[in-house]
Amino acid sequence: MTVIQQIEQRWHADRGWLDSYHTFSFSDYHDSAHMGFRALRVINDDRIAPGKGFGPHAHRDMEIITYVLDGRLLHRDSMGERHVLKPNEVQTMSAGTGIVHSEFNASETEPVHSIQIWIQPAQDDVEPSYQQIAFPPAEKRGRLRLLAAPAAGGSKRITTIHQDALVYASEVESGAAVQHVLATGRHAWIQVVRGDISLNGELLKEGDGAAVSSEQKLLLAGSGSGGELLLFDLA
Amino acid sequence: MSAVIVLVTFYSRCGSTEKLALAAAVGAVQARANIRLRRLPDPSAPSAAEESKECKENLHRMRKEYVAPTESDVLSADAVIFVAPPNFDTSAAEWTGYLDLLGRMGSEGKLETKVGAALSAGESAQTALSTAILQAGFIVAPPNSAGATPAAAGHATTLGRRVVAVARALKPREQAG
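These protein sequence lines map, in sequence, to chains A and B. FYI, the numbering for the first sequence is 1 to 235, going by the working numbering. FYI, the numbering for the second sequence is 1 to 177, going by the working numbering.
Source of the hints: derived by calculation from the structure; they are not laboratory data. Heads up, none of these hints are tricks.
Below are the DSSO-like pairs computed for lysine-lysine, each with C-alpha atoms no more than 30 Å apart in a straight line:
no.	chain 1	residue 1	chain 2	residue 2
1	A	Lys86	B	Lys56
2	B	Lys64	B	Lys53
3	B	Lys64	A	Lys52
4	A	Lys86	B	Lys64
5	A	Lys86	B	Lys19
6	B	Lys171	B	Lys110
7	A	Lys86	B	Lys53
8	B	Lys19	A	Lys52
Just chain A, same shape as in the assembly (with noise of 0.2 Å):
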């Protein structure tokens, strides 16, 4: 079963500085219909102004996933982090016990464009921890790239989360597609962050997410002039 989440089904909040749709609830939006699909629960999708940002603000018990698509986010925290995300990077932030971190455009002169992502750990009270990494755009071109998972077994490529999900990132041309199996009993969401995806051949726009549940194969094809799309593997 797919449930299609068209983008305009999602929250818009324009704050001049900050234009963000919200997949689920957050902030001022509060919908008991969407406080998220499975251990998933937040997509922001951020637009923000140069210049600008989110001030010192906390978080605690959530694992925190940052994607950027244009531009450049500056990152410091309580832990002394202070890093820059680029595209084709990705920060992941376990803020377990508790951390204060702000995020501002890294520019004063270009908007960042970037997706958020916040993932409920599956215990609570870890130890606040911080990571980054930057892969070749290659690595995403057709295929699915692992961005987050429980058990990154060591690997410096995979940033690890403490929950078992998977997010991978992939860019799809026109006319190609990327295939995903999914185990027996578990869920997807797919979240197209740019351009077009066919979703077992459901089209799904910029903006749109689609929960998936009692299917096997994924076959996410670039429609249109291709996309780029989020694919979380859920528990």
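Following the hints, put chain B in place on chain A, whose structure we already have.
Below, chain B alone, put in the same frame as chain A:
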């Protein structure tokens, strides 16, 4: 019971006191409070001659990242942690307006059930700030232990947790009353 709200108010020019404030905020978050961080505005433009490059960068950044505390921030908080530089005294220009506001709120009975705590890397500064917030009308949570070295980051985090514990203990009494 609703979550305890902790307002962390600080003044920092070069970032050292900001680190203490962040550490205290983390302690409050560890104790499952909601936190708000506010920086007191600069009383005057910094003297370029006396500030290092790193200091100037931090000052520029903090001015961008933080907003100043308001009366509404204090009213909505269950506890306020005040974090001051080691050279703090009650006549410091950046603090006088805020302390005057707190004094007025105290005289109006708006601080009766609020917990306050002072934090500074300077022992005399911490004592002076603690006295000032006690006089304003806060229920002051004392430092972690007698003779503790003031304000290493670990101390600040412990204080953050402790302030939440005190504020949480007071909350049911406030509701029952």
